[in-house]
Structures are given as structure tokens and as C-alpha cells.
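Taken in order, these protein sequences are the chains called E and U. Its first residue numbered -5, the first sequence is counted upward by one per residue in our numbering. Its first residue numbered 12, the second sequence is counted upward by one per residue in our numbering.
Do not rely on the hints blindly, as some may be mistaken.
Away from chain E, derived, C-beta distances all over 12 Å, residues of chain U [stated by the list, open to error]: (1) Lys36; (2) Ala38; (3) Ile127; (4) Lys165; (5) Ala200; (6) Phe240; (7) Pro243.
Each computed EDC-like pair below joins lysine to aspartate or glutamate, with the alpha-carbon atoms no more than 20 Å apart [to be verified]: (8) E:Lys299 - E:Asp309; (9) E:Lys415 - E:Asp309; (10) U:Lys282 - E:Asp105; (11) U:Lys154 - E:Glu127; (12) U:Lys36 - E:Asp105; (13) E:Lys149 - E:Asp401; (14) E:Lys173 - E:Asp237; (15) E:Lys176 - E:Asp401.
Per the computed footprint, the stretches of chain U lying under chain E, defined by three or more beta-carbons under 8 Å from a beta-carbon of chain E, are [claimed, not checked]: (16) 129 to 139; (17) 149 to 163.
These are calculated hints, taken from the structure and not from any lab test. Quick caveat: nothing in here was measured; it's all calculated off a predicted structure. All C-beta atoms in this analysis are idealised placements derived from N, C-alpha and C, irrespective of residue type, glycine included.
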Amino acid sequence: MSKPSIRLALALGVAFAVAPSATTRAADPADIVIGSVLPLTGPSAQTGAGLKAAQQLAADLVNGHVSYPLPAVGHDGIPSLGHAHIKLVFADSQGKPDQARAAAEELITQDHAVALIGAYISSTTATASQVAERYGIPFLNPDSSAPSLTARGLKWFFRTTPNDAMFAQNFYDFLADLKKTKKVAVHKVAVVNEDGLFGTGSGDAEESIGKSSGYDVAARIAYPATTTEVNAEVEKIKSAAPDILMMSSYLPDALLFMRGLKDQGVAVQGIFAQDAGFIDPGFIKTEGDDAEGIMTREVFSLEIKQRNQSVPLIDQLFRARFGGKPLDGNTARDFTGVLVLADALDRAHSTDPAAIRDALVKTNIPGSRTLLPWKSIHFDATGQNDGGAGIIEQIQGGKYVTVWPFDVAVKPVVWPMPPWKH
Amino acid sequence: MSPRPHLIALAAIVVLGLLYAFGSKDAVTLDLVFTLFLYATLGQSWNWISGYAGNISFGHAIFFGCGAYAAALCTNAGLSPWLAVPAGALVAAALALVTGFPTLALRGHYFSIATIAVGALVDTYVRTQGWLGMANGFELPIKNGLGWLQFSDKGPYVALALGLFALVQLATLALERSRLGYYLRALRANHAAAASVGIDERRWKLIAFTSCATFAALAGVLYAQYTLFVDPPSTLALSISIDIALIGVVGGIGTLWGPLVGASVYVLLAKEVALRLGGSGKGYDLVIYGAIICLIAAWRPHGIVGSIIDALRRRRGAADVVSVQNPAEAA
């Protein structure tokens, strides 16, 4: 797309975003109901509100007339179904597994949803998708990363996002790439994680993939995220003398470990974080120069515009709807999830759940037609998108910049990370 | 007072509940009703030790968790979850014994503190044990039939929850009229006086505590087979224990019908607040819910049923009711 046409698309898009319901017509085929289970109240309500806005934006673009280099958008609904519009109906999980279950049931039995999407928090995705399985309704999960979700043998479950095991695999892929381009010698790995659902899943994957890739996992340290001191843990890291450290931590514990590593003079070539505490704005603010060189996995970056020009346009539309907040990894993935369902609906030529499921199985969307750094969207036999991948960012000059995969990188990697300064 | 009005009320609830369970196809309301009776059962279980005996428990979720985890382990091992009924109940009773033995005879808040501590211990222990699913918990495989305690319709679940509630309600009615019930209330009203007439505080309270722990475990088995997912935050966390205690307090501590009323308020309020204020993304629902709880605590410390009993008594002008018979008085 040339520059002026981008601007035109943006202008049209904004106008469209302001008046999304202006296109409603009377003699149209009935709307196709897609049920969405999200944490709209409770501790994750803030995130849930963003996900809801992103999904609604995607649905409005599917029902609209503006084209972007994205699947299923701009055709005034679903062409193969007489341009029927898709209608999202939201139900609240409160972030609780039992409520997610009830929400899924409500969407299927009362709103007659032909497919479900959701539900962000892994445990709520687990229960909501079981309901869908029981009723024989496709469930598309764009945003939960617990590896176990696709290990259940469900027939109606599809996950577009990479899972934590794939993110861990990315670290080792990155190391392999690094060994090819630079002469780095990395053999010993220490895996450190908080002992909750998030840290345990990430840490398990990092440990097992590391071992199977021929690395020496010299230490595996799990600690409670609510801890107030980590001296013993840091001593264990020091005595293991790893080349790199893989960390799954929230902010307070990430800061504790940073202080401990500096106090005890533990030097490593690189620190790889599973986002969370390390991407909190407070992390760079607190650590200053010592944060330089730390790397994290990410699911999305606005810098991906190099690959798909619609990234900044969708970001603009999203900001207009969501209080100026930028598109992020969660909202970009949920936006994409709705498009994947719309794409499957069009190919299904039917709103029969079994037909939609068959179409989902045959999904094959190139990564360059998504907002995400993925190779493709294509489901393996377990329902996991096997074309998913994360990116790796590094703190350089006080902010995170994309350094891997090399084709979306904006800066070269700094390796090894600089020594502690404070 | 004769138990007859209570029995009639319970029978009416059971009959109406069963008619509804098998007559309705409305999955959402059936889900609410199931949750209501499940929480009412948990509230009543809590009420035994905290209402009638007067020792406030903040660890009741672990007994619920015993049942839920027993069911998850059984079903995942290919065994019938009916086995989890005795297994979960036994583990819960054992935990109650271990927690209660050193603390139930202590004065003040030591018992409450101990229940919080044991709750945290169990939660942490489960999170570190591979065979208990660590932080990930378990999903239960989908099966069908009474043998698996799983049904494709909600009706049987609601009927089972209703049946469990009715059993616990009958047990509570019996408790109110039994030696155990009188001893507990005497101990709560004045433990020194009770002890001076030879009531062994530890013994009777342990009986109450272990009994009510088994009720909670049974509710846990049913919950696991219904939700098909068990993990520490949804079955063992302190927040679940507090929810259970709130149901008891809001409804009316130490009253037969308090837990059912408390659970109704809890379930409907949670649903209603979430419905009307949800989606704003600001967590107002939690704030408002907390405020309502504060208001009830400040203005109606006897809970809803306790206040009704008070009002009835005031109308009768009956100062002759011994406070032991109205436990809310001493709470």
C-alpha cells in the first residue's frame, strides 16, 4: 500500500470506528453470534476491558468495508454467508474457573453462539473450553499460554497464541542463531521461576527444552513470588556459575533478584526473562543502567509494522476506542483471534459448528497477514497453532527494542550483557 | 421449639428444587441454583465450628479442597469419584483433627490464626507436589453417568447439591437439639462455666470440627465433578475461606437458615453486581461488594436471619428466651 492510500484507509477507519453501527440494514441475513468469555470483572478486569475492545474492533472491521492486509476484514460481513454480520456477545468469567464455565454455558445455550473465543486466564480457558467440547462448539483461544491446554486431546479447541513451551523454545532458537552469527559460548543455564502457575509452566519448559537441546541446566530454582529475600537462591545461582539465567518473575521479586545478583557479584552473559516483572515500567526505572542488556520474550511489538503495514493503523483505531492506550501483545492476539474465526466462517459456508470446526482445521493464514510476529496460523493435531513464535527484546538505552527474530529486529543484539555498574 | 416448621420448610425447598432441577432447561439459572446450594452447604459447615461453637475458622477452603482434589485424583486415575467421597472426607477430618487438637481449647483468636496458617501451609504444599498437580492443578476428563458423578445436563448436579444441602441441614437440625449442640453453645456463651460443670471443651469441639470438615469435603467432590477443574486458587486459597465465612456471617452466625440466606445474598449479589457494573474495567464490582459486606457487618452484626429472629422476639416481647437458644446473641 502506498502512503496516501494508508492515510485514506486510516481516515476511513477512524470514521468507521466513530460510527460503527451506521451500517446496520434491515433486510440482512441474521447476525452470526460468536460468544466471548473474558474476565470483565475481578482482578483482571482492566486487561479484560482491553481484550473486549480489541475483539469488538476486529468484529467491526469484519462487518465493515475498509480493506487492510488482514484476513476476513472489509467484506461487509461474511461473504459466503450472504454478507451476514458477526455479532460478539460477551460473558464475564470474573477470572474464576467456575464462572468461566457458567459463562460459556450461557453463551451456548441462551445466546446460541456458533463458536466461542476466550478466555485469557489459563484456568478459565480450561473450564470454558470443556463446556464447548461437551456441546460440540468450536473454541478459539487467542491468549492463554499454559502448555497443558492443548495437551488435553480436545476436538473443538484451537489455540492461535504460542504457548509457554514455544516461548522457551524461542530462547534456545535465539541462542542457536546467536551461536551462528557471533562466537558465543553458552553451555550452562540456570532456570529461576516463581512457583505459581505462570512461573512453574515457563520454568518446566525452559528446563526440559534446555536439557533436550544439550544444555547443562546447572540450577533450577523455584521460589514463592511473595518472598521478601532471595539470598539463598542467589547463592545457589552463584555456585552453579551459569552462562545465562532464565527468569520468570513478577516485579518485586525481579528487583530482589537483581539486587542479590549485584550484591553477590554474580556475572552472567545474558538474562532471559519471561516478560512479567521485567517488562513492568518500574523495572527499568528502578534498575537504570543495570537493566541494560536484559532480554525478554514478547508476543508483539508495534515495530512489527515492517512486516505488516496495518499494525500502526489498527493501533490508531484501537487507541481511539480505548482511551489512547496502545495495542499490546494481549489485545493484538485477541483482535487476531476474531479474524481467524471470521476467516473460518467464510470458508465453512455455514454456521453449523461442525462445518466451522472443519474450516478451522484447514486454516492457513501467512504470518505476514497478521499483526503478530508469527510464521503462520495453522493448527496441528492438538489444535495448537504451529506457526506461532515470540520475539525477543533487549533493554538498550533505557527501553526495550526488538533484537530477534533477525528479520523483524530493529537493533543488533548486545552480547554479552554489560557488567553491573552499581 | 418443635423442629416441624423447619422440616416442612426444608421439604418444601427440596421438592421445589427438584421440580426445578428436572423441569428447567435454563442452564444459567440452574448453574446459579447449584452454586447457591453448594455455598449454603459450605456455609453451614463453617457455621458448625464458627457459629455454634464460636471458633471462627478462616481455613475452611482446605476441607473443600480435600474433597475436590480427592475427586480429581480419583477421576484422573480412572477410578470412580464416589471413592473420593470417603477418601476426601477422611483426609479432611484428619486435617481438622490435627489443626483443632492443639488450638480448639485455646482462648481468643488462636484458633482463627491457626486455621489461616494451616490453610497457607496446605496451599503451599499442594503447589510444590507434582502428584497434586503443583500450581497447575488438574483438569478432570469428561465422562458421563452417575458412576462418574458427571452429567451432560445440569439437573442431576442441582439435585445432588440440593440433596447434600438437605443432609447437612438435617444434621444441623439434629445438632441444635443434641447434647453436642447444647454443649457447644454453652461453651461459647461461657466456657469457664461450661467447663466447671464438666464439659470437655476440646473433645466436643473436635467432634464438631471434624464433622463439619467432612461436609465441606463432600461439597468439594461435587464441585470438582461439576467444574472439571481443580487448582489451588479455586479450591484452597484464603479468599475461598473468607467467602465461606462471609456467607455464614451475612446470613446469620449460629442460625439454622443463616447459611442458605447468606449464600443467596452472596450468589445473587455477585451475579447482579457483575452484570450491572461489569465490563467497566475498573473493578468497581469488588469495591461495591466489599462496601455491602461492611454495611451488613456494621448495622446487622447478627446477620440477616439473626436480625429477623431479634425482630420477632421484640414483637413478642419475649425476654424469657434464654440466650443459649439464640446463639446470635452471644456471637
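Verification of the hints:
1. Lys36: Check fails; 8 Å does not lie beyond 12 Å.
2. Ala38: violated, 4 Å
3. Ile127: holds, 14 Å
4. Lys165: violated, 8 Å
5. Ala200: Answer for U:Ala200: holds, closest chain E Cβ roughly 38 Å.
6. Phe240: Non-interface label fails for U:Phe240: nearest chain E Cβ at 5 Å, not farther than 12 Å.
7. Pro243: violated, 9 Å
8. E:Lys299 - E:Asp309: holds, 10 Å
9. E:Lys415 - E:Asp309: Distance ~37 Å between E:Lys415 and E:Asp309 Cα, so the pair is violated.
10. U:Lys282 - E:Asp105: Roughly 18 Å separates the two Cα atoms, so the pair holds.
11. U:Lys154 - E:Glu127: The hint holds at about 12 Å.
12. U:Lys36 - E:Asp105: holds, 14 Å
13. E:Lys149 - E:Asp401: Given that 20 Å is the threshold and the Cα spacing comes to 35 Å, the pair is violated.
14. E:Lys173 - E:Asp237: With Cα atoms ~13 Å apart, E:Lys173 and E:Asp237 stay inside 20 Å; holds.
15. E:Lys176 - E:Asp401: holds, 16 Å
16. 129 to 139: holds (count 3)
17. 149 to 163: Holds, because 3 residues of the stretch 149 to 163 of chain U bring their Cβ atoms closer than 8 Å to Cβ atoms of chain E.
Hints 1, 2, 4, 6, 7, 9 and 13 from the earlier list are contradicted by this structure; the remaining hints agree with it.
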